[in-house]
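**Q** So the chains spell out like this:
Protein chains: 2
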Amino acid sequence: MNVILCGGSGTRLWPVSRALMPKQFVKLFGERSLFQLTVSRNAALCDRQCIVSNAEQYFLAVDQLHELDQTSGSYVLEPVGRNTAPAIALACLALAADELVLVTPSDHLVKDQRHYQQVLDKGQELARNGYLVTFGVQPTYAETGFGYIESGEGFTVKAFHEKPDLATAEEYLEKGSYYWNSGIFLFKAGVFLDELRSHSPKIHDACVKAFKNGIHGEIMRIRHEDMLDIPDDSIDCAVLEKSDRVRMVSAAMGWSDVGNFAALHDELPKDEHGNTLNDCHISVGSRNNFIYGRERKIATIDVENLIIVDTGDALLVSRKSSSQKVSQIVDRLRAQGNGLHNIHLTGHRPWGTFTVLEEARGYKIKKIEVKPGKRLSLQKHFHRNEHWIVVSGTATVTVGDEVRLVRPNESTYIKMGEIHRLSNEGRIPVVLIEAQVGEYIGEDDIVRLDDDFERTVAPSESS
Amino acid sequence: MNVILCGGSGTRLWPVSRALMPKQFVKLFGERSLFQLTVSRNAALCDRQCIVSNAEQYFLAVDQLHELDQTSGSYVLEPVGRNTAPAIALACLALAADELVLVTPSDHLVKDQRHYQQVLDKGQELARNGYLVTFGVQPTYAETGFGYIESGEGFTVKAFHEKPDLATAEEYLEKGSYYWNSGIFLFKAGVFLDELRSHSPKIHDACVKAFKNGIHGEIMRIRHEDMLDIPDDSIDCAVLEKSDRVRMVSAAMGWSDVGNFAALHDELPKDEHGNTLNDCHISVGSRNNFIYGRERKIATIDVENLIIVDTGDALLVSRKSSSQKVSQIVDRLRAQGNGLHNIHLTGHRPWGTFTVLEEARGYKIKKIEVKPGKRLSLQKHFHRNEHWIVVSGTATVTVGDEVRLVRPNESTYIKMGEIHRLSNEGRIPVVLIEAQVGEYIGEDDIVRLDDDFERTVAPSESS
Chain A
1 MNVILCGGSG TRLWPVSRAL MPKQFVKLFG ERSLFQLTVS RNAALCDRQC IVSNAEQYFL
61 AVDQLHELDQ TSGSYVLEPV GRNTAPAIAL ACLALAADEL VLVTPSDHLV KDQRHYQQVL
121 DKGQELARNG YLVTFGVQPT YAETGFGYIE SGEGFTVKAF HEKPDLATAE EYLEKGSYYW
181 NSGIFLFKAG VFLDELRSHS PKIHDACVKA FKNGIHGEIM RIRHEDMLDI PDDSIDCAVL
241 EKSDRVRMVS AAMGWSDVGN FAALHDELPK DEHGNTLNDC HISVGSRNNF IYGRERKIAT
301 IDVENLIIVD TGDALLVSRK SSSQKVSQIV DRLRAQGNGL HNIHLTGHRP WGTFTVLEEA
361 RGYKIKKIEV KPGKRLSLQK HFHRNEHWIV VSGTATVTVG DEVRLVRPNE STYIKMGEIH
421 RLSNEGRIPV VLIEAQVGEY IGEDDIVRLD DDFERTVAPS ESS
Chain B
1 MNVILCGGSG TRLWPVSRAL MPKQFVKLFG ERSLFQLTVS RNAALCDRQC IVSNAEQYFL
61 AVDQLHELDQ TSGSYVLEPV GRNTAPAIAL ACLALAADEL VLVTPSDHLV KDQRHYQQVL
121 DKGQELARNG YLVTFGVQPT YAETGFGYIE SGEGFTVKAF HEKPDLATAE EYLEKGSYYW
181 NSGIFLFKAG VFLDELRSHS PKIHDACVKA FKNGIHGEIM RIRHEDMLDI PDDSIDCAVL
241 EKSDRVRMVS AAMGWSDVGN FAALHDELPK DEHGNTLNDC HISVGSRNNF IYGRERKIAT
301 IDVENLIIVD TGDALLVSRK SSSQKVSQIV DRLRAQGNGL HNIHLTGHRP WGTFTVLEEA
361 RGYKIKKIEV KPGKRLSLQK HFHRNEHWIV VSGTATVTVG DEVRLVRPNE STYIKMGEIH
421 RLSNEGRIPV VLIEAQVGEY IGEDDIVRLD DDFERTVAPS ESS
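In the order they appear, the protein sequences are chains A and B. Sequential numbering of the first sequence, starting at 1, is according to UniProt numbering. Sequential numbering of the second sequence, starting at 1, is according to UniProt numbering.
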């Protein structure tokens, strides 16, 4: 069983990643996300997958599995995140005690599949013998952003170390017995749960209770109040640092946590001047720049070692060596009460996507894409009228008691107060332009009367 | 008479300025363009104004004069540009021989109005005595991008010099008798025309012919074939370098040609770290950067001396000291056949503006704003249907023989092939969203049957 942890909402790649579109789901490598690469990598090694995800985001995982033509797999949906120890425990509670569990982050890169497999084979031997196996990556430079594992005799572990300062990291690098903690673990489900009970009984017991009360099925939902009762802790602190059944396998597998833009720049193809290959880029005398953008033309003149990230609503220009300071920008945005750290102009919903094309006093224009077989909630608005113009696909539109098809180049109109629903009963996506007109066009002007996705409270954004 | 030369189509401020929105019309200084600042500056000194402009762009000047509550003023419209000598000659031919003419560029900045007036007073004395007066700006550094005037005894001029190399510019700076050529001139109309006839008779005669054949009125239009017959030359080469009636007044008036972003950065207000004041900007440790952008958030981390220019469809990041290389980017875009050097996402038309919100296979979404009292051409399309949703103002829509009002939150639909027209007969702007749907949505799919703005050929963009 491969347990894939998808709870991360990292903002170290802002403005590419946002709280509602975390790094693991962004298609950083061609048409694939780190999540998809993780799934594919481990599908070759494990027969089953369990995805532990925030309940609000799991549809992103579902969509991306579809793109891989993979529709099986189980889910544990957490209403709030409680760090890795509870996430792993909730997944393990559904398994037989002696089932081997490979725990992987969903947002790391492993480039050497052959070595990866060899390393896991080694780990499997140890795990079968009842050990909690960690995988340590030999450091190639003095990184201060990772935790370190200090290895002992054989596969034993002397100690786990928190993120060091630079001097300490240099010391670790020199000593040679310190490894980066890759966040990949391998063990029997029962061994992990036993060790959790021994060393962090509160977490264990709260997880057992939450699991019992949960809504079971292929998609397991944990209840909100149960999740809140679980203490927040990492597997490292809750179990590994305290257990004597921990072993480490050193792993040379081309690993990267892609934790900032400088790291991402290392992993992407570059032109002869060291700039990221990008069709949007036009350079005069520029070198070694990370250039990210998909729509706008990006012209650079005589600049070096910059990070330039261009998205629909935000632009980042940073010195490459300062790329870890992106979090300071995100903190500032959050403090300003600005939604930019949270959402993109294009938002993902279980039924598809919407993109805000234009917003001004009295109106808002959106492009809405509804996936085949999906429908938005049955809803009404008090303060806005909506015009829908279908440009692709065939929409099924319910207004009041009337249901009608709206074909490409046809339009329809929903008066304020009317109960309506937009569905795609066809085989190709419905693309439509929505013009909202009204004195108040805030997203909270929505009353949901029925919803396939069990959303009843007013959303942060749209339909 | 103040003759304002508006023919420039500079691209040194790309992507802010484009061929169809040249530097003089961009609102670089708060809510005012350099053209507007020029008009206001000289309105205090001259009783009348004549604007010499490209025929395709003069409505930009009309609009911006309206914003200054100025509706008078005459125009000379050139179908193609022929440099400054013909532009000035065409304006002078309409004037009495002894009328004083102040010729000014429309895209320069003069910050010291009091000194400017003093300098012009001095020039006026000389001009009344039959001299061609130039205004020289004392150099403050070794600029290689300007022509220089070498002054002699009194107000005499020894020589005009082309743009120097750096060593020569440094020599000029040291000698103290070399001045930047400000492009401002003062003379009697007749004196200029006499000197033009003496030194460049071909230009003179071609201008006289073009003037005679022109369509006269407050707006004088030169015929295309006549304009093509006029040799292309600057006033400096055609007259000033050859005439012995030239005098120079040295001008300390806070002058800048705002010829690149570094020069613009000097003129704009900055925060305590030397970054341009900009509400869109959020800085961590960044210094001395020129930041231009109006919509997207622009985050910078630890960068210095950069030019960052963010527009709807293009982004520029340049080392500040390389800002004169912007022209290389423009050349590359032109070579790529890319329209980005030419137009913005928002295009200006005599009737108002349009903004492309979204474009994809089979459809295009635009926001269209029609000024009060204006209307688009009577037109039809063969390959696209158009949906119009009015969000502000009241539109008068003609489809075939039928005329109807479309009010805010109402929509209408124009089937392909139908003859239609959009007018604003109201007092406030009409804002509408246009969804074009069809297999072919190129801008050249338009047949114009009638047009208030005498445009009959297919346009580069829209309606």
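There may be inaccurate statements among the hints.
[Stated by the list, open to error] The list that follows gives simulated cross-link-like pairs (lysine-lysine, BS3-like), each with its CA atoms no further than 27 Å apart: (1) A:242 / A:202; (2) A:325 / B:320; (3) A:415 / B:415; (4) A:320 / B:320; (5) B:320 / A:270; (6) A:270 / B:325.
Derived by calculation from the structure, the hints in this document are not laboratory data. All of these numbers come straight from a predicted model, not from anything done at the bench.
**Q** For every hint, state whether the structure bears it out.
**A** Here is how each hint holds up against the structure:
At roughly 15 Å between alpha-carbon atoms, residue 242 of chain A and residue 202 of chain A fall within 27 Å of each other, so this suggested pair holds. A distance of roughly 23 Å separates the Cα atoms of residue 325 of chain A and residue 320 of chain B; the hinted pair therefore holds under the 27 Å criterion. Between residue 415 of chain A and residue 415 of chain B, the direct Cα distance comes to roughly 24 Å. Compliance with the 27 Å bound is thereby established for this hinted pair. Proposed proximity of residue 320 of chain A and residue 320 of chain B is supported: the alpha carbons are some 18 Å apart, at most 27 Å.
Among the hinted pairs, residue 320 of chain B with residue 270 of chain A is consistent with the structure: their alpha-carbon atoms are about 25 Å apart, no more than 27 Å. At most 27 Å may separate the alpha-carbon atoms for a hinted pair to count; residue 270 of chain A and residue 325 of chain B meet this at roughly 24 Å.
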